[in-house]
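Here the protein sequences line up with chains A, B, C and D, keeping their order. Each residue of the first sequence is one higher than the one before, starting from 1 at the first, in UniProt numbering. Each residue of the second sequence is one higher than the one before, starting from 1 at the first, in UniProt numbering. Each residue of the third sequence is one higher than the one before, starting from 1 at the first, in UniProt numbering. Each residue of the fourth sequence is one higher than the one before, starting from 1 at the first, in UniProt numbering.
It is possible that part of the hints are untrue.
Said to hold, decoys possible - In the SDA-like style, the derived pairs of lysine to any residue whose C-alpha atoms are separated by at most 20 Å in a straight line are:
no., chain 1, residue 1, chain 2, residue 2
1, B, Lys273, A, Glu203
2, B, Lys273, A, Gln204
3, D, Lys273, C, Trp65
4, D, Lys273, C, Glu203
5, B, Lys273, B, Asp259
6, B, Lys121, B, Gly110
7, D, Lys355, D, Asp369
8, D, Lys273, C, Glu66
What the hints assert, rightly or not - Covered stretches of chain D, as calculated for chain C (at least 3 residues, CB under 8 Å):
no., stretch
9, 116-127
10, 164-171
11, 180-190
These are calculated hints, taken from the structure and not from any lab test. Glycine included, each C-beta is placed from N, C-alpha and C at the ideal position.
Number of protein chains: 4
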Amino acid sequence: MRSPVPEYLDAVLRDCAQDDSEPAAIAITTIDDSHHAAGDVEQRFTIQSMSKPFAYALAIERLGWEAVHDKIDVEPSGEAFNEISLDSETGRPHNPMINAGAIATAGLIGSFETFAEFASKLAGRELEMDEAVFESEMDDAHRNLALAHLLAAYEIIDDPVEAVDHYLRQCALSVDVRDLSTMASVLANGGVHPDSGERLMAEQTAIQVLSVMATCGMYDDAGDWLASVGIPAKSGVSGGIIGVLPGQVGVAVFSPGLDDHGTSTVGVQMMRKLSSDMGMHLMNPGRPSRSALAEVRVDDDETVYVLTGDLLFSSAESLFRRLLAEPPETETVVLEISRVGEVSDVGRRMALEAKSRLEEDGFTVRVNDGDETNRLD
Amino acid sequence: MRSPVPEYLDAVLRDCAQDDSEPAAIAITTIDDSHHAAGDVEQRFTIQSMSKPFAYALAIERLGWEAVHDKIDVEPSGEAFNEISLDSETGRPHNPMINAGAIATAGLIGSFETFAEFASKLAGRELEMDEAVFESEMDDAHRNLALAHLLAAYEIIDDPVEAVDHYLRQCALSVDVRDLSTMASVLANGGVHPDSGERLMAEQTAIQVLSVMATCGMYDDAGDWLASVGIPAKSGVSGGIIGVLPGQVGVAVFSPGLDDHGTSTVGVQMMRKLSSDMGMHLMNPGRPSRSALAEVRVDDDETVYVLTGDLLFSSAESLFRRLLAEPPETETVVLEISRVGEVSDVGRRMALEAKSRLEEDGFTVRVNDGDETNRLD
Amino acid sequence: MRSPVPEYLDAVLRDCAQDDSEPAAIAITTIDDSHHAAGDVEQRFTIQSMSKPFAYALAIERLGWEAVHDKIDVEPSGEAFNEISLDSETGRPHNPMINAGAIATAGLIGSFETFAEFASKLAGRELEMDEAVFESEMDDAHRNLALAHLLAAYEIIDDPVEAVDHYLRQCALSVDVRDLSTMASVLANGGVHPDSGERLMAEQTAIQVLSVMATCGMYDDAGDWLASVGIPAKSGVSGGIIGVLPGQVGVAVFSPGLDDHGTSTVGVQMMRKLSSDMGMHLMNPGRPSRSALAEVRVDDDETVYVLTGDLLFSSAESLFRRLLAEPPETETVVLEISRVGEVSDVGRRMALEAKSRLEEDGFTVRVNDGDETNRLD
Amino acid sequence: MRSPVPEYLDAVLRDCAQDDSEPAAIAITTIDDSHHAAGDVEQRFTIQSMSKPFAYALAIERLGWEAVHDKIDVEPSGEAFNEISLDSETGRPHNPMINAGAIATAGLIGSFETFAEFASKLAGRELEMDEAVFESEMDDAHRNLALAHLLAAYEIIDDPVEAVDHYLRQCALSVDVRDLSTMASVLANGGVHPDSGERLMAEQTAIQVLSVMATCGMYDDAGDWLASVGIPAKSGVSGGIIGVLPGQVGVAVFSPGLDDHGTSTVGVQMMRKLSSDMGMHLMNPGRPSRSALAEVRVDDDETVYVLTGDLLFSSAESLFRRLLAEPPETETVVLEISRVGEVSDVGRRMALEAKSRLEEDGFTVRVNDGDETNRLD
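Okay, chain A solo, but in the shape it has when bound (with noise of 0.2 Å):
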């Protein structure tokens, strides 16, 4: 039996990416670890401004919270993302997620090695940068040299030239979409890496990181990105998006065509399609918790797998990761959703489609939802 999950993803992509001649991938990463991908993985490009909540939790974790505070707002600017406008007495940038904020970062982080090592270790392999990309923005820099020396001028960092170098690395580091989705897993877990289980971060500045992607994180248009989306997310020019479900996955997706914004317009698609199909909106009451999968029992000749919480991606998700894992010992399976809460679209499918992959397999199965019809009909 295989995970129905890349077939999902196929979905998604075929749908969203209509034009063949452009590259698109989509990656998710839940945060005990489980990969999933579809398009073109392997495809590289350029973190860009996807590297700004990573650079702004290192900042955090290296000078602490009041620290980077006192340097760098949080407040959503509604201003696109290369606005020259810092706060008119301080000169603080009104968020790390703008330039203005993300060059602030790069000064207080000091060495571009530093945030390269740190990448690379949410990554989960050594990150490299790519020297024409990073050349070609160098020569063409007055915009971020603008910022930086503003930003010198209210005292906000010490060598303007130096931080825009350092920005301008790291905004060259070369990913793919499992790269970035494994990132955005480390942020989904509260700071500890799901594979190697390391904490990155404290829990603290991933939850201060995702609050600030999710209200500065789309631009000028975060208000409603967060009411229809509802995921804190990050683009970056290079036709990428990081998005993050707190407690569920790391999401990334990219293809390179953008919108006026400067985002992806198939990777907003594609974010758009997960969010509803998987009831990742931030504000959904029935947003699974981790411990979606309760147990799993043998009792007598059958093998019971019992749900709890809402059927939604996630606990679907797990089911297949479990029935993967320990198959049924016996040739009567139990689907027992008696007490689930809400049993969403694509919760239903993916069981459904469990069901019908045990059965292929020569399974009896039988779905269990108590007194009430079975839920999954």
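Let chain A serve as the given structure and place chains B, C and D on it in line with the hints.
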């Protein structure tokens, strides 16, 4: 045995509201209709801007998201609540949480009576208007009239004087903290009233309202509020604040002294303490699901309470309620926490409190944490 | 002999107003009460924003500069006339030439009748209000009411509805170009009416009003207007523009077609042509003084007209008037220009015209330019 | 007989600069090359922003008005001199008097040497750069570098570091008040140097520069300055202010103490006093023409000095010069003022001073005011 929640709320009140000369109150309502309150719970005050999320919900219900979004944007404005600031092209207010947006919302709803009826359903009792407050605000409504005429100039509303009259009546509805926490719990519960079970708005509407509260509810302080408190909220100049944790609880606090933002000083402290004690932050990766207490079963001569999910405030609170509703039928009681994910401070303290109260009542209590050391010790 | 000025004005009109389907008119009034006009001089239209400088003058006369300046600033706003923009601390309108400032001015004056009386004195005839225009603007006054309520919120004015009523009546006063050029000539003449000789405002008041017209009169185009036209001016959406060259003339032009700034397209062209032909630019180093024609004397059998200062439009125009008022008493006439500073194009052309008309009338005319070659040739 | 002008300037200095611990100086240069100065006239200081009008003139001369206007607007910005504010679409600085505009101007001119040569011609002597000031400003040029990089991002200039280097060298040119009043007098004289008679810029260029000084020269205080002082002016942070009355004089004042706008406090007072005493306001209807003293003639045994125009400062000053250049050839002297228009305070005082000095020198002096009572009494 009594629930320790009222005592906890009393402690929050004592810690935050040290000046006895001012009234202060706090109330929470869970989505399964459990009510707790402390302080001056009988104190009535006007709802003021806390009416805005509910009016916005009503407008979406009546006209649909698209029609409302055409007239009122959902972007944080970074501005004070009474700023004269509309989109310079279209005249659209930045969001429905600032006065311009709330007056536009009133114009869309069309009559104060319609709103009063909706608000009364949310509160579960007939709300009345404070005539004296209304009269006094109508006498000094120049800024709101300015906004309303401007909206009329942009054809966002038709009758500016009527819209301001409606809006000020709406603001003058008289409530107490229990009304407000009940109203907030409907948003937490995806639009269904926890008591009556009546659906008062679509789940999608509740999700959109909460999203807008998250980014725009605390005016020019929205980013900092979300980063540090992490609860979608809305304050009013009467000294109240409502907060909503989706899938969990509605909260309301009250104390009249205001800070520079026009927000209750003590109220903000109470919300911060609740968020931090209860792990209520929206970005908390371990935010509990709805079905935190999995089951109660009687094995031989033991009553076993099986907790799942994370042991946070809401799961501990639900344990208490189950203990009160279905008191143990055996002398020995087992608290089964081996399937619990994370154990928060408040959860641990409340579970231990449950244990000692059971023991006071003559039961023998055993905590079962599986192979692990008992995490309650 | 006739003055060539009307013919010149006709030529300006022909050059600028090539579309015959629209009315167009032009009028000038010198500070020694000489009147010239061309085009549709009988056409009545409403004074609109051209009333603002005069209302501002009246407010200064009645309350004093300090009291008015306390309520209304004099800084260019770089904004369109109807922008909702007041000082964020004090609520002071940026200047009296934008609507906010004009409504505040109306509030300071206190009654429309007071203004109407003042305006009538300036025009030299009883001005009447166009009821239909007033009614129609009052019906669609949302933007002005918004401004007025905002001013009331800041306690700049008391009664916003009354102030807008007053302001719109003021704007609806019906005038023609000759009324306007006469009104403008009072400002040019330091506050004294050229015809009646009555002082209608202090010289200091006229100076202040002209200063504000220079920096704020043409809205967001003030700098370009001053650089290229160089005449303190004020436009109205009815299609009129008034201009004032201190110590020289009041000018008024009219043609209803408006540009993007709400200013008469043909009117702007006429003002530009007048400025350039007549050397009227405020920064022109050779701007003529009042006593351009020094004297007429009869030496033996010659009548000598002695011109001093620069030979610009106004000195040439005054030569013509002197020739008409005191026709030569001898057969030979001498135009003595040896003390003249600069000779402008229009001055040269008009002086030659005077010479040829005198010759047509049978006089022998000699130009005396001292040792220099005759600069009229 | 000596001119009383130096004594008058001394009095202005005494009245305004009461704190002896600070240097102060004042100088005026008429368009017919008469020079007067008082105070610390030898004191050198850097030209700073007072270089801006001259750099702008040079750019117009070299590239033409259109090309310069394409890159730099002429609208008042209502902002402080160092505001980071460009047109959001085009990146055009609002005007050439703020730093952004001045750096753009430097970029258009292309080399500091070209400007230094031009400035030296204007001053009539080789100006040198203060190396120490330049070095120190270059060390702390973050704000200017920010502006320059921003201009480069918008392709207003090519090389931002070069442009700032040029601009700061330009600002570091060392001058005294007499240099500045001479430079200003070229603008007053329509572009022709009063001493050398060389045309250094087209009259049209001088007119455009003066217009921009009038609306933008005094930063966020432009409207108030024009209303109350009425002299196109430009201040520098070194404590100097230059002023120009077209067709009359160039003025320069100096005193290092600065107000909140970065403008010399004592300097502003001196400019105000000059304007008010001398009737120098641009909007003064009686602003004198160039040919204020009409002629000197000897009738029988009387030397008659015939004054025309208004008897203001400049005509009285020219009377003195004529008396010094062509001392009376007869015992009896007549001051013929019957053709004079208005008689200002300062004009009356200076004419009486002339009378009493002539009497001290043994002449008999008679004032002839035609039929009128002698207006000098």
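Decide if the proposed pair is consistent with the structure: Lys355/D and Asp369/D, CA atoms, cutoff 20 Å inclusive. holds, 14 Å
Taking only the CA atoms, is the gap from Lys121/B to Gly110/B under or equal to 20 Å? holds, 18 Å
Quick one, are Lys273/D and Glu66/C close enough, alpha carbons at most 20 Å? holds, 19 Å
So is the stretch 116-127 of chain D in contact with chain C by the C-beta rule, three or more residues under 8 Å, or is the coverage claim wrong? Result for this restraint: violated, n = 0.
Just to be careful, I want the Cα atoms of Lys273/D and Trp65/C compared with a cutoff of 20 Å; is the pair within it? holds, 18 Å
Under 8 Å between beta-carbons, do enough residues of the stretch 180-190 of chain D, three at least, approach chain C for the coverage claim to hold? Held - the stretch 180-190 of chain D has 3 residues with a Cβ nearer than 8 Å to chain C, which meets the minimum of three.
Just to be careful, I want the Cα atoms of Lys273/D and Glu203/C compared with a cutoff of 20 Å; is the pair within it? Distance ~18 Å between Lys273/D and Glu203/C Cα, so the pair holds.
Check whether three or more residues of the stretch 164-171 of chain D sit with their beta carbon closer than 8 Å to a beta carbon of chain C. violated (count 0)
Run the distance test for Lys273/B versus Glu203/A: straight-line Cα separation, threshold 20 Å. At roughly 18 Å apart (the allowed maximum being 20 Å), Glu203/A and Lys273/B satisfy the hint.
Holds or violated: Lys273/B and Gln204/A, Cα atoms, limit 20 Å. Judged against 20 Å, a Cα distance of about 15 Å means the pair holds.
Measure nothing beyond the straight line between the CA atoms of Lys273/B and Asp259/B; if it is 20 Å or shorter, mark the hint as holding. Within the cut-off at roughly 17 Å; holds.
Hint compliance for this structure: hints 9, 10 are not met, and every other hint is.
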